[in-house]
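Peer 1: Residues per chain are reported as follows:
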Amino acid sequence: MARKSILRTLNVTATIVLVAIFAIPFLWMISTSLKSYPETVIFPPKWIPSKVMWSNFQAAWESGPFLKYLMNSVVVSISILLLQFTTIILAAYAFARYSFKGDKLLFGITMVTLMIPGQLIFLPVYLLLSKWGLINNLLALILPFASSAFGIFMLRQSFKQVQEELIEAARLDQTPEWKIILRIMVPMARPTLVTFALFSFIAHWNDYFWPLVMTTSDAARTLPIGISKLREVDGGAAWHILMAGNMILVVPILIVFLFGQRQIIKAFVYSGVK
Amino acid sequence: MTFWSRFRPYVMVAPSIVIFSIFFIYPIFYMIFLSFYNWDFINPVKEFVGFNNFVELFKDSAFLQVLSNSLNYTLLSVSLSIVISLLLAIWLNREGAWYGFVQGALFSPHIVSLVSVSLVWMWLMDPKFGLLNGLLDMVGLPKLEWLSSPDSSLLSLVLVSVWKGVGYNALIFIAGLQSIPKDVYEASALDEANWWRKFYKITLPMLSPTLFFLIIINLISSFQVFETIAIMTNGGPINSTNTLVFYIYEYGFRYFKIGYASAAGVILLVVVGLLTLVYFKLLSRKVHYQ
Amino acid sequence: MKKFGSILLAATLAFAITGCGDSNSAGSTDNAAASGSSNGAASKPVEITYWYSWGDKIAENNENLVKMFNESQDEVIVKAEYQGSYADQHSKAQAAFAAGNAPEVWQNEIASVGVFAESGMTQELTSFVEKDQLDMDDFIPGLMGNSYVNDKLYALPYLRSTPILYFNRTMLEEAGLDPAGPKNWAEFEDYARKLTIKDQRYGISMPVDIWFYEAFVRQSGGTMISEDGKSAAFNNEAGIEPVKLWLKMKNEGIMSIGTTDDAGTQAKTDFHNQRSAMLFASTADLTNNMKVAEEQGFELGTTFMPANDTFGVPTGGANLVMTSGLSPEKQEAAWKFIKWMTSKEQTIYASSFTGYLPSRISAVESDEMKKLYEEKPLFKVAVDQLEYAGPRPMQKVYPEIGEMIKDEILRSVVDSSVTAEAAIAEAAKKADALLSK
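Chains as they are written, first to last, in our numbering: chain A, 16 to 289; chain B, 392 to 681; chain C, 597 to 1033.
To be clear, the hints were calculated from the coordinates, so they are not data collected in a lab. All values derive from a computational prediction rather than experimental measurement. Some clues are possibly wrong.
Claimed, not checked - Here are the computed lysine to aspartate or glutamate pairs in the DMTMM-like style, where the Cα-Cα straight-line distance is at most 20 Å:
(1) B:Lys648 <-> C:Glu783
(2) A:Lys244 <-> C:Asp1028
(3) B:Lys648 <-> C:Glu999
(4) C:Lys846 <-> C:Glu769
(5) C:Lys1033 <-> B:Glu536
(6) A:Lys83 <-> C:Asp1028
(7) A:Lys66 <-> A:Glu54
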């Protein structure tokens, strides 16, 4: 009996240590963001700042056009999502429920793009977009992602699982195809769509590489770029401002995560397992 | 079949296919094309140089180091990540609010942007004022160099990548573990056997699709590593953290040697392609499907 | 549900396309109002973009000057944009040029003036200078070396500098050292030794920076690149001595050499927090360092970089250049701006605001500057050091060479088995390879 409870205590302690390991970077970020500059550079490091500097957040926010960055991030992420919904629902339905000449080839092309990271194609795409005059335009951040092979793949699986009889019955009723898609398929694939939406939104919200390459001025930059620019302080490392800015980027996502934790985890896991 | 119904599927897949062709397929071919030229982006004339760029790349000791850095980084971060997350998954695969909370805590780094993660860790690893050295110092251990030494810089980046990725992997493993029906254990004679046999003979094979999936996902994404390098080290010190994608970015966007960068890009493509091929051929046989 | 979705989609896309275009059109909404109010029947003011580097006081200076220019006339409206370090700004300018939306005017770091002139990205300015009969003799001759490429004028001196030695005068006085600072390498080493307190502060904290290396090489009577620009000229005693000195001081623990990507920032941070007594930095950081010294409560001192055989520094900073291929209208506008920014009044303003050198002789001799130098002699140090200053190399591959030299020297810093001789030899070998292409 005693042995069991000792083991249990050990277990719980171990998990607490584990959580600490994962939480410490976040906690340290919070601590630093509230300190004054001299306090960030003392050694050994202190956890609780003696004076809480809320002004750091203002300094970070004002260090650049953060409102614009925020707006751009929102516009880009939502636009991508909306475009993706349109394109992947159509394509997934076609691949799932029709058979047509070249369908294997076209599906193959779709799947191949999963293997191609953005980091490989940015140069040619940059050249292309600059020819079209779209560099430094939000479209450069949106168009390349207007569809998603991952989404098509997932959705196709879901659509395939809808019972044949349901669709046949609707077809017999002379229901037009688009109604079938919207009224039957999409609702049945709702979990998949929600999963994908979360995935896509978070991925593009957090994207640093693509906006970095495709924008040359603040007018089109997104939040991650804005935060990283806080690093470029030449008068001495201003970690307190940097971490305050970081908080601006991290806290909203973490709050959303806190509330929707179960759903979000389910979404990611669901997509991984399937 | 009416004309429209014959035509319709193509119309439906067209937007996606067009996007993929313009932004993925075409660039790959264009990049391969560019790798045979020298071009500085401004000059309207491109100079044909055949395989010269590739020859130059392999003669460049910096590029060879970049290749080796990429391989080391990938090997280390993927193996550490997978092993640690598997162990964590087995340990934390229990019901209850507390375990739910722990799983959530583990997963939170994945949600946060890599930029934020890089910034925080850069600060944590500051050799003079960072918390990590502060903690080491407090327990009487010597301070580490982290990102300031070419010997430990790559490892430091691996640490960050593992921290970020372990939660995601662990949760997928947990889902995989939970989808193993209990009766499989009961049915086999191994019900009373020790933990290791149970694991090796049943759990692991049942988990193999998940393992298969996670390894390839982790492999591909670790070859794409960029943010941590761009923010934390800029490839240094002395190229010790320079990896393929960063090298391509540097030569394409800083030095504007477009042909040269494209050649490096072709090599990245070949490496990732080979890896995927080998992986599928070799290991897909070992995957046990239900 | 669906209807709402499609409306949202349309709205977002419309917003995306129109609301946040590229830098040129984004500014038009602001300027439409401005031009409307200032010009009735006259033509609309020409709008141009100006890119600059560095933040803090230097950014403030740029923004202030642009504002003053815009308010002083209404034919040209300049939109200023901060683009990070010189390296970042140059990359972006080149990318933007290829994309067809380069800024009309930008700051070209002096060692790269050749790079962009030779690739055809910047405009030759001779005809503009001749048309306006600009007094070229008024520019300080020592600053003109990096303005001509193959004897043609491509840039005008704007914010120019030399590296100087900053020191914590309070600490020097406490240690019983000459509060005027060390004068030569021997004193420099000695002071660093006396100012180091183990586990508390270093004599000096510095990054391996190509600019500082160039200075030390000059002080030993050497040069970086041969006259004909075809080979490295630093693989000799003049090029090796600096590295030897640094390694010696580092191994003794009196100099801290940062190896991370932000080593330069770290050196400044160390100096600001009084964890080091001396700092090499541009004179452009003068007003910033003065501000910090006051906040931190120590007295700031500046002096020449220490002499070896002689004093010696490279000049630094950036000149203003005009992008090539502009329409005549934009060229006029850009030239107006460049001319204004590099004139006497503006260089006096910029110099007093930041610590950068005044670029014109008439400025140095003006009453305002004379008064400044009397009240705040710290400002005069870089001007006096100009006597020993020379231009930076401008070969097309020099920026890459600079990176390589830095890497090789860093190698000898982190790996004790690599000697100074070996490091410099390797750097010279690589430089030769690049120069011969």
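Peer 1: List in ascending order the numbers of the hints, as given earlier, that are violated by the structure.
Peer 2: The structure breaks hints 1, 2, 4, 5, 6; every other hint is satisfied.
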